[in-house]
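Asker: One-letter residues, chain by chain:
4 protein chains.
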Amino acid sequence: MSDEVIYYIDDLEPGMTAVFGKTITEADILMFAGASGDTNPVHLDDEFASQTMFEGRIAHGLLVSSLISTVLGTRLPGPGCIYVSQTLKFMAPVRPGDTVKARVTLTEVDKEKKRVTCETNCTVGDRTVVAGEAKLMVQRRPAPE
Amino acid sequence: MSDEVIYYIDDLEPGMTAVFGKTITEADILMFAGASGDTNPVHLDDEFASQTMFEGRIAHGLLVSSLISTVLGTRLPGPGCIYVSQTLKFMAPVRPGDTVKARVTLTEVDKEKKRVTCETNCTVGDRTVVAGEAKLMVQRRPAPE
Amino acid sequence: MSDEVIYYIDDLEPGMTAVFGKTITEADILMFAGASGDTNPVHLDDEFASQTMFEGRIAHGLLVSSLISTVLGTRLPGPGCIYVSQTLKFMAPVRPGDTVKARVTLTEVDKEKKRVTCETNCTVGDRTVVAGEAKLMVQRRPAPE
Amino acid sequence: MSDEVIYYIDDLEPGMTAVFGKTITEADILMFAGASGDTNPVHLDDEFASQTMFEGRIAHGLLVSSLISTVLGTRLPGPGCIYVSQTLKFMAPVRPGDTVKARVTLTEVDKEKKRVTCETNCTVGDRTVVAGEAKLMVQRRPAPE
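Chains as they are written, first to last, in our numbering: chain A, 583 to 727; chain B, 583 to 727; chain C, 583 to 727; chain D, 583 to 727.
One thing to keep in mind: the hints can contain errors.
Which copy is meant is left open, so a pair is good if it fits within one copy or across any two.
[As the list claims (entries may be wrong)] With a Cα cut of at most 25 Å, we get these calculated BS3-like pairs of lysine-lysine:
1. K671 / K693
2. K671 / K683
3. K717 / K671
4. K695 / K671
5. K695 / K717
6. K717 / K696
7. K693 / K717
Source of the hints: derived by calculation from the structure; they are not laboratory data.
Take the sequences, apply the hints, and build the full model.
Answerer: Below, the structure written as C-alpha cells:
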C-alpha cells in the first residue's frame, strides 16, 4: 500500500494546498444523473430550467463538489486518508461547459489525533461556486521494519 | 414549469419525509470516478483497498451522498427547489452491492423566508452510513392569473 | 416496498396524466449507442446524416421513447407497475438539443383485472414526435395487517 | 452515403434475417437510467426489487428492446432506413448478466411503396423476452449517374 501513499500525517503542515480542475460536460451530468438517480429537470430539461432563476440547465451541486473528493483522495492528503466529514455551501450555479477548479488548503493538522481540517473551495474563473470544509483522518508513517 | 413542481413552500410542514433507494454497483463507482475524476485506489484497486482498514473497496462518500440530492431534487421538495447547503458525516463504509436508502425529513419550514431545513440520512440496513443536514430555498405558489 | 409505491390500481382513474421532460444531448445519444449497440450513422455521423432526408443527425427513436418508460416507472403509475406492452409510431425526428416532453394519460383502468391502458405521446414544442399506447399491470393495495 | 448502405429496397425479400446479441450489464442499466431518466427502483434497488414478483432487479424493457433498433439500423436493412413504427410485448424479465439476442426477420416487402415489415424478437436462451413487429421505409437504389 505504501507505494500509493503520498503523505502521512507526519508530512502534513497547515497551508499546504492542491488543486484539481475539470470541465463539466453534458456527459458528466448524464453519468451523475445515472449514478445518483437525480433527474431533477433543472439539470436535464432546457425548457424547465430556462424558466427558473438559473435561466438554463445547471450541474448537480454534488457533482461539482465531487471534485473536492478528487483532490483529497488523489493529491492531498491522497490515497489512504479517511473522509470524516464535509460541509458544502452552494454559492453559484455551474453550467455545462464551465471549468471548475477544486482547491484544498490544510488549515489544521493534529498529528497526535491524526486529524486534518481543510478549506475546500470550488471556483469557476474568479467566482466561488462551492465553499466548505473537510475533516479527514490520515495514518502515521509505518515504523521501519 | 408548474407541471413538474411537486411542492411549493406553502405545502411543506416539518415531519414530512421521503426516501430513495439504490443498490451501489461496480458500474456506479466507475461512472462516479469518471465524472468526478476521483480515482483514489480505495475505490478502484482491490489490492490496495484490501490492505486498508476497510479491507476491501468502498464507494465514494459523495456517491453515497448523491442519493440525498435525488430525494431533494425529485421528491421532497422536488423540482424547482434551490440547494443552499449540505453537511455530511461519513459514519461507515458502503461496499459494492450494498443497497443505500437516503431519507429526507423536514425539520424546519420558514414560509416567510422560503427556507427549509432537513435531516438527511443514508442507511444500509439498520446502519447509518452518512448523516447530515440540508438547507433549501423553495418558491411560493404563484398567484392565480 | 410500499414506501416507494405512488399508486395502486385502486387509486387510478381514466384521465390522470403525468409528464417528464428532458433535453436530448449529444451525451444521451452516445450513451444510448453504447448501451444498445445501435451505431447507425444517422445518429453518430454528421457527414452521412447530412445526406439523408433528415439533413443532419437525429436521436434514436427508442431513446426518445425511453422517456415514456420514465413517466410510467417513476410517476404514473410509478414503482411496482409491470410493463406489458408498448406501441410506438415515430412521427418526426428529434435532433440533439431538442427538449422532449413525454406525457402519459390513462385511458382505461380495469380494476378487476388490474390492467391499465395509457396514451403515451412525446412532443417537441407543439409537434408530436412519437405517438403510442402502453398497457400495464398495477397491483392492488395490500390489505391492512 | 451509399458507402454505408447495406441494402436498398430492391435487395430485400421476405425471410431475410439478422441478429445482434449483447450481454446486459450493470453499466448498461445505469447508462440507460441516465439517458432515459428512468430510475424505477425495480431496475436500481435490490431490496425493493427482491420484494416484487421479479424477486430481483431487472433491465428496463426499452433497454432490451433497443437491441432491435441495433439490428435494423446497422444490419438489416441497415443505415439509411427510416423507422416508422414498433410494437413491443414484454414477455419475461431480463436480469443483469443475461445475454439477449435480438432477431429481425422480414415478413413483407412492398417494393412499390418502399415499405418493409419485420418480426422482431428478443430472446434469452430459448425464452422470448420481447416480441414485436417493426415497419420501416427503405430507399430505392439510386440510378447510375
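Asker: Next step is simple, just say for each hint if it's right about the structure.
Answerer: Hint by hint, here is what the structure shows:
{"no.": "1", "hint": "K671 / K693", "in the structure": "between (28 Å within a copy, 21 Å between copies)"}
{"no.": "2", "hint": "K671 / K683", "in the structure": "both (16 Å within a copy, 23 Å between copies)"}
{"no.": "3", "hint": "K717 / K671", "in the structure": "both (16 Å within a copy, 9 Å between copies)"}
{"no.": "4", "hint": "K695 / K671", "in the structure": "between (27 Å within a copy, 18 Å between copies)"}
{"no.": "5", "hint": "K695 / K717", "in the structure": "within (12 Å within a copy, 31 Å between copies)"}
{"no.": "6", "hint": "K717 / K696", "in the structure": "within (11 Å within a copy, 31 Å between copies)"}
{"no.": "7", "hint": "K693 / K717", "in the structure": "within (13 Å within a copy, 33 Å between copies)"}
Consistency note: the structure conflicts with none of the earlier hints.
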